[in-house]
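**Q** Listed here are the chains, written in short residue letters.
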Amino acid sequence: MTGVLPIALEDATKALQVFLHSGKEYVCLMQLHGDVPEEKIINILKEFTGEIYQKPPLRASVKREVRKRKIYNIEVLEIEDRKVLFKVSCQAGTYIRKLCFDIGEALKVGAHMKELRRIRTGPFTENEKNYTLHQVFEAAMEYKNFGNEEKLRKVIRPIEECFEYIPKIYIKDSAVDAICHGAYLTIPGIAKLDSNIQPKQMVAIFTLKNEAVALGNALLSTEQILELNKGLAVEIKRVIMRPGTYPKLWKSK
Amino acid sequence: MDIPPWMVKREIIIREDCETDFNYGCPPENRSIQDYINFGAINLDKPPGPSSHEVAAWVKKILNVKRAGHGGTLEA
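Those protein sequences? They're chains A and B, same order as listed.
In this text, residue positions in the first sequence follow our numbering: the first is 35, and each later residue adds one.
In this text, residue positions in the second sequence follow our numbering: the first is 13, and each later residue adds one.
Quick caveat, the hints were computed from the structure, so don't treat them as lab data.
From the three backbone atoms N, C-alpha and C, an ideal C-beta is built for every residue, glycine too.
Among the hints, a few may not be true.
[As the list claims (entries may be wrong)] Derived DMTMM-like pairs (lysine to aspartate or glutamate); straight-line CA-CA distance at most 20 Å: (1) A/Lys282 <-> B/Asp33; (2) B/Lys21 <-> A/Asp228; (3) A/Lys264 <-> B/Asp29; (4) A/Lys185 <-> B/Glu41; (5) B/Lys72 <-> A/Glu172; (6) A/Lys188 <-> B/Asp57; (7) A/Lys226 <-> B/Glu23; (8) B/Lys78 <-> A/Asp228; (9) A/Lys104 <-> B/Asp14; (10) A/Lys188 <-> B/Asp47; (11) A/Lys243 <-> B/Glu28; (12) A/Lys48 <-> B/Asp47; (13) B/Lys78 <-> A/Glu160; (14) B/Lys73 <-> A/Asp228; (15) A/Lys202 <-> B/Asp57; (16) A/Lys206 <-> B/Asp29; (17) B/Lys72 <-> A/Glu44; (18) A/Lys226 <-> B/Asp29; (19) B/Lys73 <-> A/Glu176; (20) A/Lys121 <-> B/Asp57.
[To be verified] Computed footprint of chain A on chain B, listed as stretches where at least three residues anywhere in the stretch have a Cβ under 8 Å from a Cβ of chain A: (21) 15 to 28; (22) 32 to 42; (23) 48 to 55; (24) 58 to 70; (25) 75 to 85.
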């Protein structure tokens with residue numbers, strides 16, 4: 035299988051968990067095991083959009099129990115004999131191999147996944163910023179041999195870009211170091227924040243210079259944070275910034 | 013019908029107008045190359061054949077870094 039695979043380096047590996055929860059898009063080639071009229075294939079695929087129930091396949095890294103997954107969209111690209119090429123956008127944790135199998139059952143002829151290419155995971159898509167191993171190698175050599183950073187700075191993206199679709203809370207300079215030491219974020223430390231944050235939702239804590247500080251779970255909604263003057267706002271789950279980057283302005287007890 | 017996370021629109025709401033001191037920290041695009049690598053991620057186009065894990069190991073070697081991890085297995 036090919037396609038978009040985020041690779042995080044050094045401290046950025048702490049941010050990898052965001053991709054476990056990120057929405058995905060794939061182009062899939064499905065092989066049917068019998069002849070089915072085109073119209074029927076298209077209709078059945080439509081039925082597989084919305085909420086579906088899926089039991090993870092035998093070779094899966096999660097517990098094998100039926101779970102609900104959202105299929106945002108399925109678009110048929112091409113049908114040729116028993117081969118169906120389609121694009122699917124889905125929630126994290128959807129097994130496309132299983133989806134093909136289940137579509138095959140619904141069509142009563144059986145089917146399997148023949149080829150799969152991931153074209154999106156969260157903010158990383160198959161665009162001009164999607165690089166091959168060869169291009170990474172070239173950029174690394176230019177830097178190593180000639181000290182030329184230009185290509186490397188294109189191939190590598192700041193970790194902050196991984197959080198594009200995660201709601202953000204921007205904090206005051208004075209709150210940064212405490213967060214780097216794992217303290218809960220309190221409301222007075224907040225300068226600005228995204229709309230529509232809900233309690234329990236994963237949020238990214240950013241500085242006012244747009245640097246990632248940490249990932250956490252919101253304890254309050256955007257509205258509650260704006261209404262209240264004190265109290266805990268975010269439980270910190272993963273610290274990304276190194277302590278000492280910002281001055282320590284908090285008092286220890 | 014649910015919309016995918018990448019189509020959700022958000023806006024930033026200001027709670028308190030604050031300044032940031034440029035003596036500390038650094039906007040991502042101004043980082044030194046070393047910090048840029050330390051806090052960097054690659055949107056890699058995985059080739060067919062090797063596992064996601066092998067690909068991450070290659071990147072680690074190519075860039076001569078201590079740690080490189082992938083976000084979500086794409087089966088070989």
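**Q** Tell me if the straight-line CA distance from B/Lys73 to A/Asp228 falls inside 20 Å.
**A** 38 Å, violated
**Q** Please verify whether A/Lys188 and B/Asp57 have alpha carbons no more than 20 Å apart.
**A** 14 Å, holds
**Q** Need the status of pair B/Lys21, A/Asp228: alpha-carbon distance at most 20 Å?
**A** The given pair, whose Cα atoms are some 10 Å apart, holds under the 20 Å limit.
**Q** Between B/Lys73 and A/Glu176, does the CA-CA distance stay at or below 20 Å?
**A** The given pair, whose Cα atoms are some 15 Å apart, holds under the 20 Å limit.
**Q** Check whether three or more residues of the region 15 to 28 of chain B sit with their beta carbon closer than 8 Å to a beta carbon of chain A.
**A** Holds, because 12 residues of the region 15 to 28 of chain B bring their Cβ atoms closer than 8 Å to Cβ atoms of chain A.
**Q** Are three or more residues of the region 32 to 42 of chain B within 8 Å, CB to CB, of chain A?
**A** holds (count 9)
**Q** Does the structure keep A/Lys206 and B/Asp29 at a Cα separation of 20 Å or less?
**A** Given that 20 Å is the threshold and the Cα spacing comes to 10 Å, the pair holds.
**Q** Would you check the hint for A/Lys48 and B/Asp47, treating anything up to 20 Å between C-alpha atoms as holding?
**A** 15 Å, holds
**Q** Between the alpha carbons of A/Lys282 and B/Asp33, is the straight-line distance 20 Å or under?
**A** Holds. A/Lys282 to B/Asp33 sits at ~13 Å (cutoff 20 Å).
**Q** Does B/Asp47 sit within 20 Å of A/Lys188, going by the straight-line distance between their CA atoms?
**A** OK: A/Lys188 and B/Asp47 at ~15 Å, within 20 Å.
**Q** Between the alpha carbons of A/Lys226 and B/Glu23, is the straight-line distance 20 Å or under?
**A** Distance ~10 Å between A/Lys226 and B/Glu23 Cα, so the pair holds.
**Q** Is A/Lys121 close enough to B/Asp57, meaning Cα to Cα at most 20 Å?
**A** Holds. A/Lys121 to B/Asp57 sits at ~18 Å (cutoff 20 Å).
Of the numbered hints listed earlier, those contradicted by the structure are 8, 13, 14 and 15.
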